[in-house]
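Protein chains in written order, with this note's numbering: chain H, 898 to 1350; chain X, 7 to 485.
Treat the hints as calculated values from the structure; they're not laboratory data.
There could be a bad hint or two in this list.
[Stated by the list, open to error] Quick list of the computed label-pair ranges, beta carbon to beta carbon:
1) X:Arg154 / H:Glu1182: 33 to 41 Å
2) H:Ser1101 / X:Asp158: 28 to 36 Å
3) H:Glu1344 / X:Pro24: 26 to 34 Å
4) X:Pro369 / H:Val1196: 34 to 42 Å
5) X:Ala484 / H:Glu914: 50 to 58 Å
6) H:Gly1074 / X:Ala311: 29 to 37 Å
7) H:Ala937 / X:Gln235: 28 to 36 Å
Where a beta carbon is used, it is the ideal one built from N, C-alpha and C, also for glycine.
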Amino acid sequence: MPFVSLTDADVEAMLGELGLGSLDALFAHVPEDLRRHAFALPPGRTQLEVERELEALATRNDRAAGAVCFLGGGAYDHHVPAALREILRRGELYTAYTPYQPEIAQGMLQALFEYQTMLARLAGLDVANASLYDGATACLEALGLAVRHTNRTRVVVDANLNPRWRDVIKTGAAGMGLTVVEVPGGGLAQGRDPAAPAAAVDTSTAALLVPNPDFFGRYADLKALAQAAHAHGALLIGAAAPISMAIFEPPGAMGCDVACGEGQELGLGLSFGGPYLGFLAARKELVRRMPGRLVGMTVDSRGQRAFTLTLQTREQHIRREKATSNICSNQSLCAFAAGLYLAIMGREGLRRCAAACLAGVAALRAKLAAIPGVTLFPGTHWREFVFRTPLRAEHVCELLAAKGILAGVPLAARFGAGIWEAGDVLVAVTEKRTAEEIDAYAAALREAVTAAR
Amino acid sequence: MELVFEKHSAASGAANVPDPGPEAEALVPPELRRAAPPALPELSELDVVRHYLALSRRQVGVDSVFYPLGSCTMKYNPKLCEEAARLPGFARLHPHAPDELCQGMLALLWNLEQRLCEICGMDAFTLAPMAGAQGEWTGLLLVRAYHRARNDARTEVLVPDSAHGTNPASAAMAGFEVRAVASNDDGEVDLAALRNAVGPKTAALMLTNPNTLGLFETRIKEIAAVLHQAGALLYYDGATLNAICGVARPGDMGFDIVHVNVHKTFATPHGGGGPGAGPVGVKARIAPFLPAPRIVREGERFARAEASPQSIGRVGAFGGNAGILIRAYAYLAMLGREGVTRVAQHAVLAARYLAARLAPDFPSAYDRPCMHEFVATPSAAILGKGVKTLDIAKRLIDCGFHPPTVYFPMIVHEALMVEPTETETKERLDAFVAAMHVIAAEALATPEKLKAAPENAPVGRVDEVKAARELVLTYDMAR
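Using the sequences plus the hints, can you model the full thing?
If you want it as structure tokens, here you go:
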């Protein structure tokens, strides 16, 4: 029997010690009619058999997993350094529980402290927590933080935030007592209008949540927005992309009080949508209102530097229904990996990665601009942009998929109605995309669009 | 040990990615350009690897030591499951890839849902929630949506006073008022108190079974009847599913909604505090409210469907922690039907055996047969020496064990909550008993030895009070 360690003799001896005649007798106090004797599950299989089944299942995804990936929309095909994958295999780390006993959890605690430091530095803010579930829930939790800080319940959200993240905010809003006001942040043709949400902020507003870059890859200066929010006593929350912060002005420097978002790009791989990493950084003054685990530096009984979970009085296991969040298990190992990624890449590696995305986007845009029938839209695009063709977007994606290229996210097919049209494709270019791949993309698109004319 | 910021070597991170040249950055308009680069570490790959390996040596997991952490189910995490999640066909799969190209992934997830339905006695499952607490929150939003659809605005959620803190916190986050229900002298829900608390405002009762004391709620069917007669729902917190998987099903007990922690019962690793996954199962009448995406089967084809108009919406950006769910599927595939039952049998046997062997020094808080875990307290003689549960926990570290959960549940004074799981040998269980016996003797003879513990850990006892009083949350706050 797999993964049990007691031998038949052990079982007999232990039952004997307890004065019991059988394993069934252990459940004698469970009412007989609740005990079920036949489960409709397949019989157990050997590791070899299961390994073969899983390899076969994985292979059935190879046309997608092995394709040249220009997909984005909340998850990105960035390079994962080999050293990161190697270290994540350490059993001491990944088989540990939440570090409630700090004396034997200094490894995870120190790594999370280092992650908090690196994330805060990257975001240009004072503190960061030790992870939330993903970018979407990080936005929801950031809004909750603002509500607690301001004692107000109205929040203004730039509608150019990732639509899935907006969905999660809507899911949580009623229960958390939030009134969510969505305001347009600028159409595709007109370009981004970062000032637009400012008009919706009033003295009952807890926070203004603005993506940077927005869902369509466009970067904007948020400084005027910060002034508008602060003039009304509201917080400015920037939903941001960590790698971009290596070269773009980070949320803190633009006047954001809180930065949140998705940390998947920091070495986590794609993994069909999870596990990813919700990050949350903030000004020091907000720390007692923050959700999630926080690691602090302290000393041990011998005066040596040591680390421990801290400010736990914010959390559910102490404060119960009055906690800043219900979060318990979070994405610690993902935060660990993100810190490791930043340590491996370093200042120069991250700068190059961010700049390569920018260059890749510029190169692909230049190629697509030369194709008759393809429309591009204005803006400062970092890693992602939208283009339009006269064809249905999902048809374009199917044609390119047949050539081994995942061309992008067909916006209307995937997200329903929005500021986009039926021909709009959201395309992402990471540092992994080569000049040859970009050429092949443009050639395939030219062929598809030309054939249809 | 040094922090990563205190080490310096010839940085090699730049060699990981191509250099796009200086003209790339010129594409950033001046007003959007970062003024000074972020102060990230600058180290060679070798020094990064040595740093993190040194960190891993200052950490213990289930792979290192016996880890009988109550309510956490720290069982062995099989290595094939790790390998499976890293197969390129899964690990490199983008969540926006078209359904036609990820049939293997969708088939796996669909099959996992079916198996969880069978184990829990539910009609439908969602795999979207990313942790147990998020499963609770999802479940409570389902409770809310179910009542609203019946034009029944119920505002209260009941939780036992022994409940895990996430239960009341999740209920509050879902917009409910929380009301505690007392436990009786047997450690079970007090039925009279429950009847008093249940009324037209009651939306649901959240319950684990076995409860957080490790005791089976023998009157579970009466509890369910009390809730259902009042029009309320019964919610199952799957934290303790390891005790009954393959033996009894929450659905048969009258539970309407369940969440399971795959990082407990289904052997996915805890990752030092996640990622886990918290799938939620429901009876058919609640299925229309499940979050998107739903995984549907049409003949031999699988697809992700948007949710019904009655759905609570989305609870995460994508469909959940797929990388973790792959591991759970692989585990269940190896166990099969006999293996699942064997898990519960051996988990309960190990706990019952430890409870009996420890009883002379550490009597159980309730003199009743436990399930897969139990709550003990130090004997009156030990407590009389001024020794606390915390001191015992720290001394256990010196003996090479991870301590049990301490000070939970809150209704037991000086609680030590022990959950051995099914994956340890009898020799190791006996060694744990022996260590606890030595510690009990030390507590009586040399209590100062316990107060000074741990001696053999990477650091001595950590000053948690100072950490909270003098907040240092980043390296920059320390300087």
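Hints versus structure:
1. As the Cβ distance of X:Arg154 to H:Glu1182 is approximately 38 Å, the hint placing it in 33 to 41 Å holds.
2. For H:Ser1101 and X:Asp158, the Cβ-Cβ distance of about 31 Å falls inside the hinted range of 28 to 36 Å, so the restraint holds.
3. Look at H:Glu1344 against X:Pro24: about 27 Å separates their beta carbons, and that is inside 26 to 34 Å.
4. About 36 Å separates the C-beta atoms of X:Pro369 and H:Val1196, a value consistent with the hinted range of 34 to 42 Å.
5. X:Ala484 and H:Glu914 have their C-beta atoms about 53 Å apart, which keeps the hinted 50 to 58 Å range intact.
6. Between H:Gly1074 and X:Ala311 the Cβ separation comes to about 31 Å, which falls inside the hinted range of 29 to 37 Å.
7. The hinted range of 28 to 36 Å is satisfied by H:Ala937 and X:Gln235, whose Cβ atoms lie roughly 31 Å apart.
When each numbered hint is compared with the structure, no violation occurs for any of them.
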